[in-house]
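There are 2 protein chains.
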Amino acid sequence: MTEWFSNGAVTQLSASDRGLQYGDGLFETVAIRKGEPRLWDFHIDRLTSGCRLLGINMPATEDLYKGIQHAVRQSGVPSSYCIVKIIVTAGAGRRGYGRQLVDTPAVTIAAFPSAPSPIESYRDGIEIALCATRLASNSPLAGCKTLNRLEQVLARSEFVDSAVFEGLTMDADDRIICGTMSNVFVVSGGAIATPSLHSSGVKGVMRRYIIETLKEQGIETGIRTVKLDEMDNMDEVFVCNSQIGIMPVRRCMDKNWSVGEVTRTVMAALAGRGIGECRL
Amino acid sequence: MTEWFSNGAVTQLSASDRGLQYGDGLFETVAIRKGEPRLWDFHIDRLTSGCRLLGINMPATEDLYKGIQHAVRQSGVPSSYCIVKIIVTAGAGRRGYGRQLVDTPAVTIAAFPSAPSPIESYRDGIEIALCATRLASNSPLAGCKTLNRLEQVLARSEFVDSAVFEGLTMDADDRIICGTMSNVFVVSGGAIATPSLHSSGVKGVMRRYIIETLKEQGIETGIRTVKLDEMDNMDEVFVCNSQIGIMPVRRCMDKNWSVGEVTRTVMAALAGRGIGECRL
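Those protein sequence lines, which keep their order, are chains A and B.
Mapping the first sequence onto the working numbering, position 229 (from 1) lands on 229, and the numbers just tick up by one.
With the second sequence counted from 1, adding 1000 to any position gets you the working numbering.
Derived from the structure by calculation, the hints contain no laboratory data.
Just so it is clear, CB atoms sit at the ideal spot from N, CA and C, and this is done for glycine as well.
Any given hint might turn out to be false.
So, partial list: chain B residues that the calculated Cβ filter (under 8 Å) puts toward chain A [unchecked claim]: (1) Q1012; (2) A1015; (3) D1017; (4) G1055; (5) R1095; (6) T1133; (7) A1136; (8) L1147; (9) N1148; (10) R1149; (11) L1150; (12) E1151; (13) Q1152; (14) V1153; (15) A1172; (16) R1175.
With the rest of the complex left out, here is chain A:
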């Protein structure tokens, strides 16, 4: 079953849906550019992995693709530039946590209007902040974009009235994990790294695209523990997600950075590979 809803007037779903009852499901937030879903294969890969972990049959890619096109048309948002959110849940079910493999998940697809961020954010960098909310560690759902997102809700809500673009989350051991809605990369002494997400956080599709793009250019990204106290020695910091591409970070709390050479190089590489937002 695939349903669509547009921004505002929305589809209803059963209150017994396990997506509501337990957060028993997954989602993808896909950038639509020139009518096509960007990094589509990466979204499908991640959703497939998530479905495997949760014991949900992966919906047919073709149906999801058609669903996206339908949602964009139905909602009247510009297909040239918008956002589509796909939610896949275990569907309506009996009370109780346990369940069998889900043959036919419930799929809801919504299209939302979107606009590129101001060019200044890409040129001069953005301000981020450290969240007081810490992420749990050793999560069996680490890396996976599930509907269990309360940590991100609490963390992002710390800054809802603030001008900061993003909140950076750590675990209880001062390990930097990711932003609430982005992944983070750091550059120190010419080496580029991004936090390991085996214990907490979400593996973003743009993070993967950056790692693979750099690898093709012979640049290895270190995927490792990144501790808070390394921040003093970071030469450059940038964040990324499927919608924004890459944005340099110019400030986090009392730390300041200028937009550096490495960040510029990565942005240019992405711009040349279809991530138009990174073109300066």
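Take the given structure of chain A and dock chain B to it, following the hints.
Quick look at chain B alone, frame taken from chain A:
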């Protein structure tokens, strides 16, 4: 807004409800006995704490009480013995994790039929098993009954085809935390203890009722780290939740216990204080 639904034919809710989008909400599963919600003050206390943590205005207790009565009548389940599930969410909202304090949460209340477990479970004990799924540690939501319950879904689904009554969950460091739908108490050398839930797990209302009942009788429950390797030295084990009261555990994997004196004493104490299921 309070809505009700009965088992089967259910209320719909907006697909943009943050309860679905992020698990941004809480729930309580209340035992209805002789027309009244059991341990009602404890459910209200926990829901109030949860609302404070999530930044949601607590619904008026009187409205929830009326909602329960209404749900039971509407659904036609026997008010003498049934289950009511209250779900409180942050309601429909814009896309994005961050939000303000929620003034008017969305409340959904459902009544379900229920029947007491067989007397053998109380007399002879039940079989439980260890879950392969480990709970995350240092969770900012530890203790709280939020809608983010995927860990419990994965853990309980390991035994969906099995005769075991419950799955016992640990964290990555072999600390026993709780059952997927119950809390656990252990007795060693005459001392009674239950795992600390400051890092993972849900603080059950029956767990609290047991701790307070024992305290009134001059018996202190140790709330502490309980490691897996202590299992060899446990003399008695029992589980509890709001619906079942207490059930002795007679077997967990290759460990066997007889139903002991302490468990019998605690069951009798609860039976004398309104938990009829514990009366043998």
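Going through the hints against the structure:
1. Q1012: 4 Å, holds
2. A1015: At about 5 Å, which falls below the 8 Å cut-off, the nearest Cβ of chain A leaves the hint on A1015/B intact, so it holds.
3. D1017: Holds, because the Cβ-Cβ distance from D1017/B to chain A comes to roughly 7 Å (cut-off 8 Å).
4. G1055: Status holds, d = 6 Å.
5. R1095: Constraint on R1095/B satisfied, holds at 6 Å.
6. T1133: Constraint on T1133/B satisfied, holds at 5 Å.
7. A1136: 4 Å, holds
8. L1147: Result: holds, 6 Å to nearest chain A Cβ.
9. N1148: 4 Å, holds
10. R1149: This hint holds: R1149/B lies near chain A, its Cβ roughly 4 Å from the closest one there, short of 8 Å.
11. L1150: The hint holds - L1150/B has a Cβ within 8 Å of chain A, the shortest such distance being about 5 Å.
12. E1151: Holds. Min distance 6 Å.
13. Q1152: Because about 5 Å separates Q1152/B from the closest Cβ in chain A, which is inside the 8 Å limit, the hint holds.
14. V1153: This hint holds: V1153/B lies near chain A, its Cβ roughly 5 Å from the closest one there, short of 8 Å.
15. A1172: Hint on A1172/B: holds, closest Cβ of chain A at ~4 Å, below 8 Å.
16. R1175: Status violated, d = 11 Å.
Checked against the numbered hints above, the structure violates only hint 16.
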